[in-house]
Amino acid sequence: MTTEELKTFISQKIPEAVFEETQFLNVIIDATHLRNLALALHDDASTDFDYLFCLSGVDWKDFFYVVYHLTSRNHKHTVVLKSKITDRINPEIETVSDLWKTAEFHEREVFDLFGIKFINHPDLRRLFLDDSWGFPLRKDYKDDVTIVSL
Amino acid sequence: MSLLDGLVTEASAITEDEMIINIGPQHPSTHGVLHLKVKLQGETILDVEPHLGYIHRSIEKMCEASSYRNFIYLTSRMDYLSAHMNNQACSMAVEMGLQVEVPQRAKVIRILMSELTRLASHTLWWGAMGLDLGAITPFFIGFRDREEIMDIFEETCGARLTMNYNVPGGVMIDLHSNFQKRVKTFLDNFKKHLPEYDELLTGNIIFQNRTKGVGFLSTADAISFGCSGPVARGSGVSCDVRKWYPYDGYEAVEFNECIETSGDCYARYMVRMKEMVESAKILEHWIDQIPEGDFQAKTKNVIKLPKGEFYSRVETARGELGVYIISDGTANPYRIKFRSPNFSNLSALKQMAVGGKIGDLVAIMATLDLVIPDLDR
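Residue numbers (the working numbering), protein chains in the order written: chain A, 412 to 561; chain B, 8 to 384.
Treat the hints as calculated values from the structure; they're not laboratory data. Idealized CB from N, CA, C, for every residue including glycine. Warning: the hint list may mix true and false statements.
Stated by the list, open to error - Now the stretches of chain B that chain A is said to cover, found in silico as 3 or more residues with beta-carbon under 8 angstroms:
| no. | stretch |
| --- | --- |
| 1 | 47 to 55 |
| 2 | 60 to 71 |
| 3 | 273 to 279 |
Stated by the list, open to error - Here are a few chain B residues that face chain A, going by a calculated C-beta distance under 7 angstroms:
| no. | residue |
| --- | --- |
| 4 | 230 |
| 5 | 231 |
| 6 | 232 |
| 7 | 233 |
| 8 | 346 |
Said to hold, decoys possible - Some chain A residues close to chain B (C-beta under 7 angstroms, calculated; not the full set):
| no. | residue |
| --- | --- |
| 9 | 511 |
| 10 | 512 |
| 11 | 547 |
In isolation and in its complexed conformation, chain B is listed as follows (with noise of 0.2 angstroms):
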């Protein structure tokens, strides 16, 4: 009965020349089951209303009920795609609770997985970019670099995506013989690589047609939405983690932090691109450096923190990735709260996407790279 009430609303909300459609749950270009209820006047768009909880599964509830180190896992399958990111944020809050210095190796290891992850997961969204607008190409090119990357991780840990490479005071298992070799080959190719990137998308007339003034986002509106990463980054908001709250020694990289200011899809575009050459060159700096020595500190087989709070945080691929613990003293945490990116940069889809075309839309979703099961948890 109530279901009925709803849709009797709903018709009567619209006028004679405007309509609702319903883009997704499964539609090509969410990424996902994210479904979007677009409300149009002819091709203009009036509102953008998310409809979240297709693949809500809970995961902050089921940390509750694991241990330390098993809910490290758990958070792979958040935003999959900086899987290891992820791990490592939850590790450093561990860390943080037991006042357990992490081996300078790991710290490294931990930075040469986590820009190796950022350049998987942008190169995909390079080529999803593309296949969103139009562009099939590109896909195939993106997906070319990131097997490299993902054959390197198999190698190192056994998974290809979700890694579980972290463990609370270091990594698992120290890194393959070939590391070194087969990321230098990687880099070698990744860079002779890079100006196809910028041929077939970057400077493309068609491209730069759909992305230019598209979905923009002021700066004041990209704080108040509390967007991070590329999306807050592209609107010329200062933001990157590893150099507000410089973690795991990126202290000691030279490295920028990439900004644009022109705040549309192609700022947002720019940005992502630029951040793949400063990651290589992260990885160019420290993979003839990894320091000798133990890739795992010493803890305990069942961790308890103490009463506490405690709260870490990281640069995933998306932006700023927020893990807060409450401890009350066991072995299980009391309240576990991920403070995803995506969640964040979503709730600014509205105010970039009113007034736009629908066309729009899809490079306005291209560009936020939403990752649905870190939105959901």
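Next up, chain A with everything else stripped away, as it sits in the complex (with noise of 0.2 angstroms):
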């Protein structure tokens, strides 16, 4: 699919989806779509996105992005779902972990290192540190060692 058709395709899903094109298509869209646009993306012929290459968490202070890289090997297309969380207090967003298996290691890496919940994740633990642990890469993080913060 061209970026012309996969954006037709995004709109005819989720009408309010906004398009963004750097080197990849961005769409931007509220977190509680994204459970549904991923399932049409990873199950349609047409799209067929079955290899997510990369998944990671931005914070940008007001909310959270929650980001995937997606590419379909058969048509050799890929998009970047941005998925929004306004949410600071109790972010949570859907899991994927069910279409592409790599998500349920990254997405506990999300959970562990910004706090974003994973609703139906099989087992939701922090990957790297300890549960007193704050989350680090928030912006609002304060660490005691000197080291990251100038």
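From the two separate chains plus the hints, produce the assembled complex.
The structure is reproduced here in structure tokens:
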């Protein structure tokens, strides 16, 4: 699919999706729509996004992004889904670990470092850090050791 | 109190003929500080659960406080056996933001060093794989060849492991005058030595029995688990970044992507063995035709990337490394994410190991070729 066709496909599913073009096609959606869009992109034969190659969290102070880099090995197209979570106190988003198994580990990492909960994740525990630790990749994280704060 | 609670549930979760064994964090077969909690029934593996974080340094957070020149050097400490490729991916992401054209000479130098790094990494893996499966000689044979490459690195950029040779715009210094001569000598020796590799392990019946049909990973699973590099290619997935998204002039070289379809430990072993031959081929292609010219494009002392996002990827010795930079227009990255190949590859471990024997776990770990600092970052 070309970028335009992808845009049409996504707009049909989620009319309020916002598009941005960098080196990839970026789609900004609300976290509540992510699960539906991910299902459609994964299951539809014309999109067939079968390879999740990067899953990251980003803290923009007012809101969080959970960013999914998806590619289709058959159709050779790539899309970046950015799902916006505005609730900072109790950030939540639905899991995609049943669609792409690699997400299980990546979501645990995001949970560990950002404190974003993934609903229906099979095994949501902290991955690297102790339970008592804060969420170091949040921008309001204060660390006692000055090694990372300037 | 919560710790005790955990212990009680664990104990009641297993039946009388089952047991839980901890492998690591200090265990030779994990090649670093990785802790595997293995649930066994007799010798059969029922469950494997990796515990990470023993060497977590939060490199991504440290990068947020570093400049665009400095953060590159932190990445040598991730996958230290592919230090040069890690640096290359970061430099490429910064160059993408700056829109700097890298001189042809610098590109060729980068490719040459990348392939040498790949050879160094694979020879070390080959030796360690033999060691894991009970053969001690391969370790010395592997290190003999690796040592030669390390000496070339030392002469070129002053370091043997964490090379820090790439800078945004090219490489830090020009090649040493001995470089071509020494690489050629190395290639001659390496080609003479390759049959020894096959004699010692590839054709060894004990080795074959321990790897063939062990740790099977299907094509669909390899894709779903986001595997890349030799692990995915051993399961018949074409995923070589050098072919799919050529960078720094790989499109101009003729080489084959090595793919095996049987999906077991032996397939992953064969992929790496063939890759070594291909790397030597790439080296031979470029070594006599390194273009003249600058080795570095001019960049400003303090680099500021425009507002935006930049994603670059390279094929390291372990698979696809992605560097995702989010810039807010200042001299420090707003956020950096490293998509490390080992992290995704490890997620497939349970799929490969469950149902096998505990002795097979060591073979599976050896063919995953894990570097723990890359997992933990």
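Now for the hints, and whether the structure bears them out:
| no. | hint | in the structure |
| --- | --- | --- |
| 1 | 47 to 55 | violated (count 0) |
| 2 | 60 to 71 | holds (count 7) |
| 3 | 273 to 279 | violated (count 0) |
| 4 | 230 | holds (5 angstroms) |
| 5 | 231 | holds (4 angstroms) |
| 6 | 232 | holds (5 angstroms) |
| 7 | 233 | holds (3 angstroms) |
| 8 | 346 | holds (4 angstroms) |
| 9 | 511 | holds (6 angstroms) |
| 10 | 512 | holds (4 angstroms) |
| 11 | 547 | holds (5 angstroms) |
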